[in-house]
Amino acid sequence: MTNQRIIYPNESGGVSVIVPTGDVSDCLKDVPEGVEYEIVTTDDLPQDRFFRDAWVKGAGVAVEDLDKCKTLGHGKRRAARAEEFAPHDEVIMKQIPGADATAAEASRAAIRTKYEQMQTAIDAATTPEDIKTALGI
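Residue numbers 3 to 139, in the numbering used here, belong to the letters of the sequence shown in order.
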């Protein structure tokens with residue numbers, strides 16, 4: 003197995019990576035016609051795949067685009083917030099007898115505050131690692 007990879011920009015503005023199973027030149031047929039590509043090594047790719055969808059093609063490397071990382075981070079933040087909200091939302095929406103709607107709303111307020119702080123930290127991030135820290139990862 004080789005440590006070479008073929009990278010090229012894709013239609014979504016990211017970078018596609020082809021991992022050869024044999025000789026790298028045998029995989030050039032898989033690069034879309036007319037698209038510029040580069041043959042790089044695994045050292046030229048980010049080692050952390052957490053923000054894989056934020057990779058863009060640089061000069062001979064794939065790099066993480068900070069704005070795209072922030073967008074992905076906000077998506078993960080929203081999903082986590084929705085998961086935490088779910089049981090409290092159910093109490094409020096369904097008006098479940100015996101359930102304390104006041105306590106549910108207090109819990110929702112605390113969750114909103116937590117995720118507002120996380121949003122601020124993501125917006126202020128200067129590196130992908132800062133975003134991961136804000137997400138608690």
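To be clear, the hints were calculated from the coordinates, so they are not data collected in a lab.
A few of these clues could be false.
Below, computed lysine-lysine pairings styled on BS3-like, alpha-carbon distance capped at 25 Å [said to hold, decoys possible]:
{"#": "1", "residue 1": "78", "residue 2": "116"}
{"#": "2", "residue 1": "134", "residue 2": "116"}
{"#": "3", "residue 1": "116", "residue 2": "72"}
{"#": "4", "residue 1": "70", "residue 2": "134"}
{"#": "5", "residue 1": "31", "residue 2": "70"}
{"#": "6", "residue 1": "78", "residue 2": "31"}
{"#": "7", "residue 1": "31", "residue 2": "72"}
Quick caveat, the model's predicted, so the values are computed rather than measured.
The hints, checked one at a time:
{"no.": "1", "hint": "78 - 116", "in the structure": "holds, 14 Å"}
{"no.": "2", "hint": "134 - 116", "in the structure": "holds, 15 Å"}
{"no.": "3", "hint": "116 - 72", "in the structure": "holds, 17 Å"}
{"no.": "4", "hint": "70 - 134", "in the structure": "holds, 13 Å"}
{"no.": "5", "hint": "31 - 70", "in the structure": "violated, 29 Å"}
{"no.": "6", "hint": "78 - 31", "in the structure": "violated, 35 Å"}
{"no.": "7", "hint": "31 - 72", "in the structure": "violated, 34 Å"}
Going down the numbered hints, you'll see the structure goes against 5, 6 and 7, while the others check out.
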